[in-house]
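Student: The chain contents come next:
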Amino acid sequence: MRRSAAGGGPVTPRAGAMSWWMRLRTRRRSLLWAEQRDAYLFILPWILGFLIFLAGPMLASLFISFTRWEIVTPSRFVGFDQYVKIAQDDRLWLSLWNTAYYVFLGVPLHLFLALLAALAVNINLRGIRLYRTLFYVPSLTPAVANAILWLWIFHPQWGLANAALDLVGLPPLFWLQDPRLAKPAFIIMSWWTIGGQMVILLAGLKGIPATFYEAAEMDGASAWGRFWRITLPLLTPALFFNLIIAIIGAFQVFTQAFIMTEGGPNYSTLFYLLYLFRMAFENFRMGYASAMAWALFLIILIFTAIQFRVSDRWVFYEGDLRK
Amino acid sequence: MTVTPHAAVLARSRRRRQIQTIAYQLFWYAVLSCIALALALPLLWLVSTSFKTGAQTFLMPPKWIPQPIVFSNYPEAFRAVDFARYFWNTLYVTLASTAGTLLTASLAAFAFARLRFPLRGPLFGVVLSTIMLPGIVTLIPTFILFRALDWIDTFKPLVVPNWLGGGAFSIFLFRQFFMTLPLELDEAARVDGASNFLIYWRILLPLSTPVLATVAIFSIIYNWNDFFTPLIYLQSPEKWTMAIGLQSFKDLYSTSWNLMMAASTVMIAPLLALFFTAQQYFTSGIQMSGIAGR
Chain C
1 MRRSAAGGGP VTPRAGAMSW WMRLRTRRRS LLWAEQRDAY LFILPWILGF
51 LIFLAGPMLA SLFISFTRWE IVTPSRFVGF DQYVKIAQDD RLWLSLWNTA
101 YYVFLGVPLH LFLALLAALA VNINLRGIRL YRTLFYVPSL TPAVANAILW
151 LWIFHPQWGL ANAALDLVGL PPLFWLQDPR LAKPAFIIMS WWTIGGQMVI
201 LLAGLKGIPA TFYEAAEMDG ASAWGRFWRI TLPLLTPALF FNLIIAIIGA
251 FQVFTQAFIM TEGGPNYSTL FYLLYLFRMA FENFRMGYAS AMAWALFLII
301 LIFTAIQFRV SDRWVFYEGD LRK
Chain V
1 MTVTPHAAVL ARSRRRRQIQ TIAYQLFWYA VLSCIALALA LPLLWLVSTS
51 FKTGAQTFLM PPKWIPQPIV FSNYPEAFRA VDFARYFWNT LYVTLASTAG
101 TLLTASLAAF AFARLRFPLR GPLFGVVLST IMLPGIVTLI PTFILFRALD
151 WIDTFKPLVV PNWLGGGAFS IFLFRQFFMT LPLELDEAAR VDGASNFLIY
201 WRILLPLSTP VLATVAIFSI IYNWNDFFTP LIYLQSPEKW TMAIGLQSFK
251 DLYSTSWNLM MAASTVMIAP LLALFFTAQQ YFTSGIQMSG IAGR
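Just so you know, the protein sequences line up as chains C and V, in that order. For what it's worth, this note's numbering labels the leading residue of the first sequence as 1, then goes sequentially. For what it's worth, this note's numbering labels the leading residue of the second sequence as 1, then goes sequentially.
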């Protein structure tokens, strides 16, 4: 960014010993200073928000996690007690297992289906935009409305899911009332919200230069070969990004379980955040809940770090070509 | 020596190729239509149920076209709980939050994109890294803070944070857009003696309708749909948003599926209307979020 120092109107001749060079320098410096002052003024709301609602609370929750505090009683410093209790809490481990099930089974499947959808709406056909829209629209459904809708769909007697099973001659299932099926039911219903990932992956597909395909075709590569050798490698950054964001989101799965199953049946959908929510806002055990939050934060952090590490092996950035 | 056989062969192969393309297209239209139908079924089922009588919801196999089609579920849903009030509360929270997001995120983005100041790079790095921060770690202290401020059961916990930066992703979107506008605009204005704020307000913002629309849409959808925040901060029913109202509906009328589906439709319909009027801004925004990961 270059800017002329004589930016603001005519220079008034001033009596005194200051040379033009000195004046120029002061002026430039004051302009620069004004720019820095304005810049910090403009980002001030964000800085305040960051300190008050992110950095501050993060540190505070770390501190609270070392205390015993039921809101109405004064807090007491207990060191690592809460973390020790966490490690011994069987229900918490169960909630972590439920969450891991949802994350590690649900997210890859979801992403795979989103990839298929993106490939399908990347075909060059007239009216393909309409299909993109139709594929996307279900993702707009608010989580609460979606939860209530799927509660109805999974209704054991009158629901659409069992009607569909009946249509192909299968016996009805007790989806959300069956401890073995409740988590898979949540995963199935998530398939209707692949739209967001689909659009990101589609943008990735559109970003692959056509010349790559032309060159491959001239070398006699089959459609399958082109997909494996060109499309997939060049799409890995978009896949990686989606994977990271989706996993962080899935670790915090809450609304479906809160509304549809309330953690049941037999705690099979007691997800980590639901358990934390109950600890904090029903039992008011703020110290324990804060320790839980930090434990999950560390798990997510470690997991994300591992993914970034492993990503060197499978994510292909175009910049790599130039190395 | 005649050319006729040769021409005939050519014509035949051309016809075969045409048939092949038509078959190819038909095949994909069929596949795409099947997927689209499967994806649309839940929403169609929702709308269909919302027009059914109570008795009709309990039919096996279910009927897709209600007979008779009744509209009474909608007024009845509004009578059963104070859904009109939830609607206005949601609208208020959504608009107030979106206004704050648009203003403060674009201001910060202007500084990050156009002004030079110490720590610009590191600070923007901090902005980006907060996109990946799970909200769970800040939950409890934030609750305690709002409780100390006596803001529980007001709209402030839902609105005020949006007036402080408007979220990392909004700042990122604005910054990306501002970077595409020529710097000469700022310089020309500066020569004319315009202040930095004036450049932002009178020159860059008027050129930024697309990104304003994109961020507005994301903010509207996020706040309209948000369940967790109102669940924690809003207690008295006259303060509830639709997300909370809908949940209470489920507890009160757990077998009136037609009423619940009508209420859900009321919550979804404005979003669909918004989506179809502003689709282009919408998709460009999601695509940008993919770039955020690079």
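Simulated from the structure, these hints should not be mistaken for laboratory data. Errors might be hidden in some of the hints.
A few chain C residues that don't get close to chain V, going by computed Cβ distances all over 12 Å [as the list claims (entries may be wrong)]:
#, residue
1, Glu35
2, Asp81
3, Asp89
4, Tyr101
5, Gly220
6, Leu296
If you want the footprint, here are the derived chain V segments under chain C, 3+ residues with CB under 8 Å [said to hold, decoys possible]:
#, segment
7, 82-90
8, 100-108
Ideal Cβ placement from N, Cα and C applies to all residues, glycine included.
Student: State the violated hints by number, sorted upward, taking the hints as numbered earlier in the document.
Tutor: 1, 6, 7
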